[in-house]
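Student: Here's the letter readout for the chains.
There are 2 protein chains.
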Amino acid sequence: MTDTGQSSCPQDTRRKIARGEITGQTSALCPGYAQANLVILPKDWAFDFLLFALRNPKPCPLMEVLDPGDPYTRVIADHADVRKELPRYRVWRRGELVEEPTDISHLWADDLVSFFLGCSFSFDDALVKAGVPVRHLEQQRNVPMYRTKLPNAKAARLGGPLVVSMRPIPLDQVEKAREVSGRFGGAHGAPVHQGDPAEIGIENLEQPDFGDSVEIRPGEVPVFWACGVTPQAALMEAKPPFAITHAPGHMFITDLKAEQIDGHGLGNWD
Amino acid sequence: MTDTGQSSCPQDTRRKIARGEITGQTSALCPGYAQANLVILPKDWAFDFLLFALRNPKPCPLMEVLDPGDPYTRVIADHADVRKELPRYRVWRRGELVEEPTDISHLWADDLVSFFLGCSFSFDDALVKAGVPVRHLEQQRNVPMYRTKLPNAKAARLGGPLVVSMRPIPLDQVEKAREVSGRFGGAHGAPVHQGDPAEIGIENLEQPDFGDSVEIRPGEVPVFWACGVTPQAALMEAKPPFAITHAPGHMFITDLKAEQIDGHGLGNWD
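From first to last, the protein sequence lines are chains V and U.
Sequential numbering from 6 applies to the first sequence in this note's numbering.
Sequential numbering from 6 applies to the second sequence in this note's numbering.
Read the hints as simulated data drawn from the structure, not as lab findings.
Please note: incorrect hints may appear among the correct ones.
Pairs involving identical chains hold if they fit within one copy or between any two copies, as the list cannot separate such chains.
Said to hold, decoys possible - Derived DSS-like pairs: lysine-lysine, alpha-carbon spacing no greater than 27 angstroms straight-line:
1) Lys-21 with Lys-48
2) Lys-134 with Lys-159
3) Lys-159 with Lys-48
4) Lys-154 with Lys-134
5) Lys-181 with Lys-159
6) Lys-244 with Lys-48
7) Lys-134 with Lys-244
8) Lys-63 with Lys-262
9) Lys-181 with Lys-134
10) Lys-159 with Lys-21
11) Lys-63 with Lys-48
12) Lys-21 with Lys-154
13) Lys-48 with Lys-154
14) Lys-89 with Lys-159
15) Lys-154 with Lys-89
16) Lys-244 with Lys-89
17) Lys-244 with Lys-181
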């Protein structure tokens with residue numbers, strides 16, 4: 006990261022993350038700024054994944070894609086280092102999670118391609134400001150995430166099931182939550198399901214596949230949004246020789262205000 | 006192509022093209038239907054090109070991308086065969102044009118990836134209906150296309166200059182032409198330049214780099230649109246070992262009405 010003398014919450018926070026001073030989940034950090042999921046793959050798998058993202062824009066809204074070997078962002082942050090500026094990563098070998106480091110500099114290689122995807126943490130602040138409670142923020146937890154039985158559109162070697170995040174919303178606020186999140190098409194947009202979790206293949210809300218469980222109070226409906234952990238489920242099935250992702254909930258905090266992002270940041274390249 | 010018993014101008018025309026009964030340029034065929042540029046590359050270059058298209062959406066608006074080895078469309082036409090259903094192709098080896106066949110079945114391989122991009126022929130019919138003259142249609146010619154000095158955004162190994170198509174428009178209709186074409190974001194949209202060709206590096210309008218020259222009458226302004234031949238200029242510079250494209254002006258005629266396409270057909274995958 007170039008030190009431009011600027012000081013903003015994302016830049017300050019990413020500096021602390023790069024120094025290892027913040028290693029936890031990021032849901033409550035820098036409210037109002039867009040956060041991003043990360044997928045890093047060798048060049049041989051990069052076409053498969055880019056096509057997968059384009060065919061599955063709901064879980065995988067592209068914010069930025071870097072050239073092979075390039076670790077520095079241009080669009081979502083000015084010259085941030087993808088190897089250091091996320092609080093925690095997951096390292097995958099042949100579809101198996103093997104390590105959760107806080108820095109991946111030692112794993113970097115010239116053929117690695119980095120993909121940043123929108124994240125629903127980006128609209129949590131807008132929900133709160135609209136009076137919609139966001140339980141994982143209230144409980145200071147990571148958001149609960151679940152594998153579903155909904156299949157992704159296949160692309161070359163990648164497929165797998167949709168992963169969703171869940172927020173319990175009071176019944177009379179569900180429409181408002183849908184309307185507010187629907188404005189953030191670049192951060193998964195409106196929910197994909199509400200109500201009975203079994204309908205989308207979730208057996209037990211108290212045992213999320215990723216993140217923490219949160220309290221569901223009487224009169225609240227579980228509401229489910231497409232989630233940027235979906236690629237991790239696809240990688241577990243396709244078993245590429247090597248991959249790095251963010252650890253669920255441990256996101257890249259961008260310099261962009263959440264309302265700035267649309268479905269596709271790549272058109273604003275220059 | 007499956008014969009579904011349907012009969013439409015695109016399906017009938019593609020059948021004739023597949024049988025070798027039509028081998029010429031397509032500007033006047035099936036007015037009102039979207040036409041598409043084609044780029045076929047080996048898998049090793051597919052990521053580079055997909056990233057190039059996303060970073061250069063004005064010349065390269067993606068309509069459909071096929072899986073490696075898959076020659077059949079799903080989105081822009083029902084099961085059309087990319088190897089037969091364009092009237093003429095260009096075959097490139099190390100950046101050199103080596104052949105212009107009317108069928109590429111003998112060149113097909115399991116690692117080839119096909120990309121379809123929007124084409125400005127898609128809005129010619131809307132221009133005519135709005136009362137804007139389209140000279141290459143009047144003169145029954147291919148549209149004139151020119152290399153410019155405007156650089157594309159680089160993506161991995163691909164870069165090169167923007168290529169534009171040109172239509173001479175009466176001065177008092179230029180705004181209407183801009184407005185009408187601007188509605189077709191998936192087919193290059195509004196013009197990128199009007200007036201002095203030298204400003205964008207074009208020396209002689211009578212000698213187009215691709216297609217035919219057309220008459221420019223007194224009181225008419227040359228108006229330039231981003232063109233889907235831009236990838237061919239990029240391939241000439243990057244020199245991948247093998248590539249196939251459409252021959253300029255010899256497009257794939259889709260089953261989609263021009264007004265149906267937006268900037269990004271890939272979200273409608275399923």
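Student: Each of the hints needs a verdict: does it hold here or not?
Tutor: Here's how the hints hold up against the structure:
For the identical chains of this complex, Lys-21 and Lys-48 are neighbours neither inside a copy (30 angstroms) nor across copies (40 angstroms), given an alpha-carbon limit of 27 angstroms. Taking CA atoms no more than 27 angstroms apart as the test, Lys-134 paired with Lys-159 passes in neither setting, with 37 angstroms inside one copy and 40 angstroms between copies. Taking identical chains as interchangeable, the C-alpha atoms of Lys-159 and Lys-48 lie at most 27 angstroms apart whether they share a chain (19 angstroms) or sit on different chains (17 angstroms). Neither within a single protomer nor between protomers do Lys-154 and Lys-134 lie at most 27 angstroms apart by alpha-carbon distance, with minima of 33 angstroms and 48 angstroms respectively.
Neither within a single protomer nor between protomers do Lys-181 and Lys-159 lie at most 27 angstroms apart by alpha-carbon distance, with minima of 32 angstroms and 42 angstroms respectively. In this assembly of identical chains, Lys-244 and Lys-48 lie within 27 angstroms of each other by CA distance both inside one copy and across copies; the values are 15 angstroms within and 19 angstroms between. With identical chains, the CA atoms of Lys-134 and Lys-244 are never at most 27 angstroms apart, being 41 angstroms at best within one copy and 53 angstroms at best between copies. Both within a single protomer and between protomers do Lys-63 and Lys-262 lie at most 27 angstroms apart by alpha-carbon distance, with minima of 20 angstroms and 25 angstroms respectively.
Proximity of Lys-181 to Lys-134 under the C-alpha cut-off of 27 angstroms is restricted to the intra-copy arrangement: shortest distance 11 angstroms within a copy versus 43 angstroms between copies. When the C-alpha separation of Lys-159 and Lys-21 is checked against a cutoff of 27 angstroms, the pair qualifies neither within a copy, at 38 angstroms, nor between copies, at 32 angstroms. Proximity of Lys-63 to Lys-48 under the C-alpha cut-off of 27 angstroms is found in both arrangements, the shortest distances being 24 angstroms within a copy and 25 angstroms between copies. In this homomeric assembly, Lys-21 and Lys-154 never come within 27 angstroms of each other (Cα to Cα): the closest approach is 38 angstroms inside a single copy and 44 angstroms across copies.
With identical chains, the CA atoms of Lys-48 and Lys-154 are never at most 27 angstroms apart, being 29 angstroms at best within one copy and 30 angstroms at best between copies. For the homomeric pair Lys-89 and Lys-159, the shortest alpha-carbon distance between copies (25 angstroms) is at most 27 angstroms, but the shortest distance inside one copy (31 angstroms) is not. In this homomeric assembly, Lys-154 and Lys-89 never come within 27 angstroms of each other (Cα to Cα): the closest approach is 34 angstroms inside a single copy and 38 angstroms across copies. For a Cα distance limit of 27 angstroms, the shortest separation of Lys-244 from Lys-89 inside one copy, 25 angstroms, qualifies, whereas the shortest one across copies, 35 angstroms, does not.
Taking the shortest Cα distances, Lys-244 and Lys-181 never come within 27 angstroms of each other, neither inside one copy (39 angstroms) nor across copies (53 angstroms).
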